[in-house]
Amino acid sequence: MELDQQWQRPSPDDLLASTRTTTRGRLKIFFGACAGVGKTYAMLQEAQRLHQQGIDVLAGVVETHQRQETAALLRGLPLLPPQRIHHHGRKLVAFDLDAALARHPAVILMDELAFSNPHKCRHPKRWQDVEELLDAGIDVLATINVQHIESLNDIVGSITGIRVQETIPDYIFDSADEVVMVDLPPDDLQQRLHEGKVYLAGQAERAIEHFFRKGNLIALRELALRRMADRVDTQVKEFRDSQGTAPVWHTTDSLMVCLGAHGGNDKLVRTAARYAAAFGCQWHAIYVETPKLHQIGEHKRRAILHSLKLAQHLGARTAILSDNQAEKAVIRYAREHNLGKVIIGQRAYQKWQWLKRWIRMRFAEKLARYAPDLHVISVALNDEDIRYKTKATPLQNNEKWRQEIRGYLTAIGLCLAITLFSRTFLLALDKANLVTLYLLGVVLIALFFGRRPSIFAALINVISFDLFFVQPHFSLAVLDMQYLITFTVMLIVGLVVGNLTAGMRYQTRVARYREQRTRHLFEMTRELGRAVTLQDVVRTSYHFLSSAFDAKVCLLLPNKQGELTPFHAQGMEHLPIDNAIARWCCDKDQIAGAGTDTLPSVPYQLHPITASQQVLAILAIEPNNLRQLLIPEQQQLLQTFNGLIANALERLQQAEIAEQSRINIEREQLRNALLAALSHDLKTPLTVLFGQSEILLLDLSAEGSSHTEQVNQIRQQILTTSRLVNNLLDMARIQSGGIQVNLQWNSLQEITGSAIRSLSYLLDKHPLQIDISADLLLYCDGNLIERVITNLLENAVKYTTSNTKLGVKAYIEAAKIHVEVWDEGHGIPTDQLQLIFNKFSRAVKESAIPGVGLGLAICSAIIHLHEGEIWAENNKKGGASFHFVLPLKSLPDIDEIEIKQ
Numbered sequence: 001m002e003l004d005q006q007w008q009r010p011s012p013d014d015l016l017a018s019t020r021t022t023t024r025g026r027l028k029i030f031f032g033a034c035a036g037v038g039k040t041y042a043m044l045q046e047a048q049r050l051h052q053q054g055i056d057v058l059a060g061v062v063e064t065h066q067r068q069e070t071a072a073l074l075r076g077l078p079l080l081p082p083q084r085i086h087h088h089g090r091k092l093v094a095f096d097l098d099a100a101l102a103r104h105p106a107v108i109l110m111d112e113l114a115f116s117n118p119h120k121c122r123h124p125k126r127w128q129d130v131e132e133l134l135d136a137g138i139d140v141l142a143t144i145n146v147q148h149i150e151s152l153n154d155i156v157g158s159i160t161g162i163r164v165q166e167t168i169p170d171y172i173f174d175s176a177d178e179v180v181m182v183d184l185p186p187d188d189l190q191q192r193l194h195e196g197k198v199y200l201a202g203q204a205e206r207a208i209e210h211f212f213r214k215g216n217l218i219a220l221r222e223l224a225l226r227r228m229a230d231r232v233d234t235q236v237k238e239f240r241d242s243q244g245t246a247p248v249w250h251t252t253d254s255l256m257v258c259l260g261a262h263g264g265n266d267k268l269v270r271t272a273a274r275y276a277a278a279f280g281c282q283w284h285a286i287y288v289e290t291p292k293l294h295q296i297g298e299h300k301r302r303a304i305l306h307s308l309k310l311a312q313h314l315g316a317r318t319a320i321l322s323d324n325q326a327e328k329a330v331i332r333y334a335r336e337h338n339l340g341k342v343i344i345g346q347r348a349y350q351k352w353q354w355l356k357r358w359i360r361m362r363f364a365e366k367l368a369r370y371a372p373d374l375h376v377i378s379v380a381l382n383d384e385d386i387r388y389k390t391k392a393t394p395l396q397n398n399e400k401w402r403q404e405i406r407g408y409l410t411a412i413g414l415c416l417a418i419t420l421f422s423r424t425f426l427l428a429l430d431k432a433n434l435v436t437l438y439l440l441g442v443v444l445i446a447l448f449f450g451r452r453p454s455i456f457a458a459l460i461n462v463i464s465f466d467l468f469f470v471q472p473h474f475s476l477a478v479l480d481m482q483y484l485i486t487f488t489v490m491l492i493v494g495l496v497v498g499n500l501t502a503g504m505r506y507q508t509r510v511a512r513y514r515e516q517r518t519r520h521l522f523e524m525t526r527e528l529g530r531a532v533t534l535q536d537v538v539r540t541s542y543h544f545l546s547s548a549f550d551a552k553v554c555l556l557l558p559n560k561q562g563e564l565t566p567f568h569a570q571g572m573e574h575l576p577i578d579n580a581i582a583r584w585c586c587d588k589d590q591i592a593g594a595g596t597d598t599l600p601s602v603p604y605q606l607h608p609i610t611a612s613q614q615v616l617a618i619l620a621i622e623p624n625n626l627r628q629l630l631i632p633e634q635q636q637l638l639q640t641f642n643g644l645i646a647n648a649l650e651r652l653q654q655a656e657i658a659e660q661s662r663i664n665i666e667r668e669q670l671r672n673a674l675l676a677a678l679s680h681d682l683k684t685p686l687t688v689l690f691g692q693s694e695i696l697l698l699d700l701s702a703e704g705s706s707h708t709e710q711v712n713q714i715r716q717q718i719l720t721t722s723r724l725v726n727n728l729l730d731m732a733r734i735q736s737g738g739i740q741v742n743l744q745w746n747s748l749q750e751i752t753g754s755a756i757r758s759l760s761y762l763l764d765k766h767p768l769q770i771d772i773s774a775d776l777l778l779y780c781d782g783n784l785i786e787r788v789i790t791n792l793l794e795n796a797v798k799y800t801t802s803n804t805k806l807g808v809k810a811y812i813e814a815a816k817i818h819v820e821v822w823d824e825g826h827g828i829p830t831d832q833l834q835l836i837f838n839k840f841s842r843a844v845k846e847s848a849i850p851g852v853g854l855g856l857a858i859c860s861a862i863i864h865l866h867e868g869e870i871w872a873e874n875n876k877k878g879g880a881s882f883h884f885v886l887p888l889k890s891l892p893d894i895d896e897i898e899i900k901q
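In terms of UniProt numbering, the sequence shown is numbered consecutively and its last residue is 901.
I should point out that these hints are in silico values taken from the structure, not numbers from a laboratory.
Incorrect hints may have been included.
[Stated by the list, open to error] Calculated lysine-lysine pairs in the DSS-like style (CA-CA distance at most 30 Å, straight line):
#1 LYS267 / LYS300
#2 LYS798 / LYS876
#3 LYS839 / LYS877
#4 LYS328 / LYS300
#5 LYS431 / LYS328
#6 LYS839 / LYS809
#7 LYS366 / LYS300
#8 LYS366 / LYS431
#9 LYS588 / LYS267
#10 LYS28 / LYS237
#11 LYS588 / LYS560
#12 LYS214 / LYS91
#13 LYS816 / LYS805
#14 LYS805 / LYS765
#15 LYS214 / LYS237
#16 LYS300 / LYS588
#17 LYS816 / LYS91
#18 LYS560 / LYS839
#19 LYS552 / LYS309
#20 LYS309 / LYS366
#21 LYS588 / LYS552
#22 LYS120 / LYS839
#23 LYS237 / LYS328
[Claimed, not checked] Here are the in silico distance ranges between beta carbons for each label pair:
#24 ARG517 / SER378: 53 to 63 Å
#25 GLN403 / GLN507: 10 to 20 Å
#26 ARG667 / GLN570: 18 to 28 Å
#27 SER773 / PRO118: 52 to 62 Å
#28 ASP177 / ARG667: 37 to 47 Å
#29 LEU426 / LEU626: 46 to 56 Å
#30 GLN403 / ARG517: 36 to 46 Å
#31 GLN403 / SER378: 15 to 25 Å
#32 LEU743 / GLY54: 47 to 57 Å
Owing to the predicted nature of the structure, the values given are computational and were not obtained by experimental measurement.
Glycine included, each C-beta is placed from N, C-alpha and C at the ideal position.
Build the full structure now, drawing on both the sequences and the hints.
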């Protein structure tokens, strides 16, 4: 069938995409429900097969877990030497990405795709290494379990009670060129665990009692199979798209409901929702607008839109199609989306409907004839379903009848004009020529006034031709019977030509309207793409929205306080908006206003403009004719405009964030450069000054001079300034990553004592209480932790008065070492408890207390280098406490220390 061939033809874009080639490598994933099903074994079998074919296969990362049969499959395969990394005093091995890229094999093996790389590797995750290998044109064989897929991570956690931290994004799995499902029944997997083929004996027993319970294995297997089935469905869809709109394949249950213009749609929608729930499948709800249905009343349009909205609420995907023949649009949509079941409404036969059915096929019969691959489900609709209580307004009826009456009067006038002209000037011509003049009149009436006036014109033209040009004149009697055939043919031709002309007139109007829509979309997209300020976006939006919908427009944008304020553009008419309705629309992210279910009495509609799940603005639009917003095509156009405005506003927002980030980065770079320069330029002079003051102090003390105290004060100020410069230098080194942590076992009591001795000239006026056990050892960088305690004690001295009690306390809590430096001073303002750890932040910004606000920032950076936490709080009895916690490491055995030595 020619019609079917046209529907099955692939699009040019699909054909062009299929011809494109790429040098990117191929990713093949061996996918399983959990560990032990044989993914690594299957991957190595595939690697051996490729190796035997002469393909260069490299084993990048393969975890055998001490399984002999798995390790045996590595024989003969070249292995990539691992990269050695030193991190926190430990030696780690990692995948050597640079070596793999330099080796550039045809295929590389990458086991455990979700693995987290050690610190200092180029990428934090192994799947990112795989992405770079693929970009280099290297094929990759990888393995993954279902619990490592990001979207299923929380589901697996709720089933097993164990939340896996290592995951991969879903798009890595979805974009894989091939996925092989490696499956094993739960009983067989548990048998492998008992035999020690998955874990060692002790580990296997614990695994069976926890993660590998039979119920967990069944649930994980179901998840893996369903995820694999979803991938196969996507592959089927992609293949069908590449082949054009081929007949529907009933590989999965999916259905579509067709809404009509004559009522009963709500019943159809609810029936389709029940079927979809029973089948457990997706479903679509569509409405096809034909030239005949384009002229239905506004009340019917509202009912259709209400039914589509109901379908959306019940979980359907909705669409509004436009075509001359509804069955063509339905079949094309069903084949594009592979929807095998079509639900339509059908009413009982009424009086004279048997004649209508004999003349024209019913919709269900057309679907069965043109698309035998579809399963049509008919739902009976009763009389109550097709009644509409709302009727068209008198104004609409008056306008419609006024237009038709003008057509009837014009038809009468044109008939009289043709008759008088022919009687006066064309009596000598053959009567066949006169018939063509009357047919021309029918065409003109159909072209300008539509179908009904053209039918009326055809009738009166036949009567006029009979009265004035056929014997006997001025009588409907016909003496020559051949004129009966002439009259019949003239009437039929007039009706057909008039109907075709009226249809062409409608199609021309629709095409002109669609061309206008396309032009508006193109021009608006171009202008919004050029917009660089918010004023440009608003001005462009106002111009095109008001032009396309003949409406007043207003955009409400949130200010810094979150209040919605209207943005007025020059030359645009002001539209008053109720702020309460706008706030509701923004909070609920739903449409409100005229033609909706929320406050339909207001004369305007409010639409939230949303991007990235954030409401950026509220669009208010008040058309001169509300029907402009109720036509389905206009609804689609308004949604498209909203999307364009949302993209433009989001682009401006992102540009502002990027500009602010660039300024912050430049400010930070300038600040770090200044810190480094100042610290280096001041360090040498301060060192000289301190040395000279020490010599001078010793000389004056030996002589018993009265100036000894003044020199001592100078020395203390030089020490304070030197400590400030050291803070500047340390912060610059931390920012540049120049500090390396030297982890050793240290006594916390000794570290604290060294810090106290360095501050003896400051602490001599403060009672100091130390509560630290002598056997408390820290695995840390002793110099850096001493710097933390020094800064905290110095900070306590600065912000307390003389004779204020200070203290340092340390204890073990929850496998961590908790250190507290406290005082009994005035405490810290509540709003500054978090901010004081920022650079150049001080609890009292303007005061005579020396310092630039770097001491606590350095403390925070050092503690985080040790994988710890630091915070401040106010004591209940007065004063402030600074707390930091560090991980409690297990002490090494004596044998291990001797081996290292």
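Each hint tested on the structure:
no.: 1; hint: LYS267 / LYS300; result: 16 Å, holds
no.: 2; hint: LYS798 / LYS876; result: 21 Å, holds
no.: 3; hint: LYS839 / LYS877; result: 29 Å, holds
no.: 4; hint: LYS328 / LYS300; result: 23 Å, holds
no.: 5; hint: LYS431 / LYS328; result: 43 Å, violated
no.: 6; hint: LYS839 / LYS809; result: 26 Å, holds
no.: 7; hint: LYS366 / LYS300; result: 25 Å, holds
no.: 8; hint: LYS366 / LYS431; result: 43 Å, violated
no.: 9; hint: LYS588 / LYS267; result: 28 Å, holds
no.: 10; hint: LYS28 / LYS237; result: 20 Å, holds
no.: 11; hint: LYS588 / LYS560; result: 20 Å, holds
no.: 12; hint: LYS214 / LYS91; result: 38 Å, violated
no.: 13; hint: LYS816 / LYS805; result: 27 Å, holds
no.: 14; hint: LYS805 / LYS765; result: 9 Å, holds
no.: 15; hint: LYS214 / LYS237; result: 35 Å, violated
no.: 16; hint: LYS300 / LYS588; result: 28 Å, holds
no.: 17; hint: LYS816 / LYS91; result: 23 Å, holds
no.: 18; hint: LYS560 / LYS839; result: 26 Å, holds
no.: 19; hint: LYS552 / LYS309; result: 26 Å, holds
no.: 20; hint: LYS309 / LYS366; result: 28 Å, holds
no.: 21; hint: LYS588 / LYS552; result: 24 Å, holds
no.: 22; hint: LYS120 / LYS839; result: 26 Å, holds
no.: 23; hint: LYS237 / LYS328; result: 21 Å, holds
no.: 24; hint: ARG517 / SER378: 53 to 63 Å; result: 35 Å, violated
no.: 25; hint: GLN403 / GLN507: 10 to 20 Å; result: 19 Å, holds
no.: 26; hint: ARG667 / GLN570: 18 to 28 Å; result: 36 Å, violated
no.: 27; hint: SER773 / PRO118: 52 to 62 Å; result: 34 Å, violated
no.: 28; hint: ASP177 / ARG667: 37 to 47 Å; result: 46 Å, holds
no.: 29; hint: LEU426 / LEU626: 46 to 56 Å; result: 51 Å, holds
no.: 30; hint: GLN403 / ARG517: 36 to 46 Å; result: 24 Å, violated
no.: 31; hint: GLN403 / SER378: 15 to 25 Å; result: 38 Å, violated
no.: 32; hint: LEU743 / GLY54: 47 to 57 Å; result: 49 Å, holds
Of the numbered hints stated above, those contradicted by the structure are hints 5, 8, 12, 15, 24, 26, 27, 30, 31, listed in ascending order.
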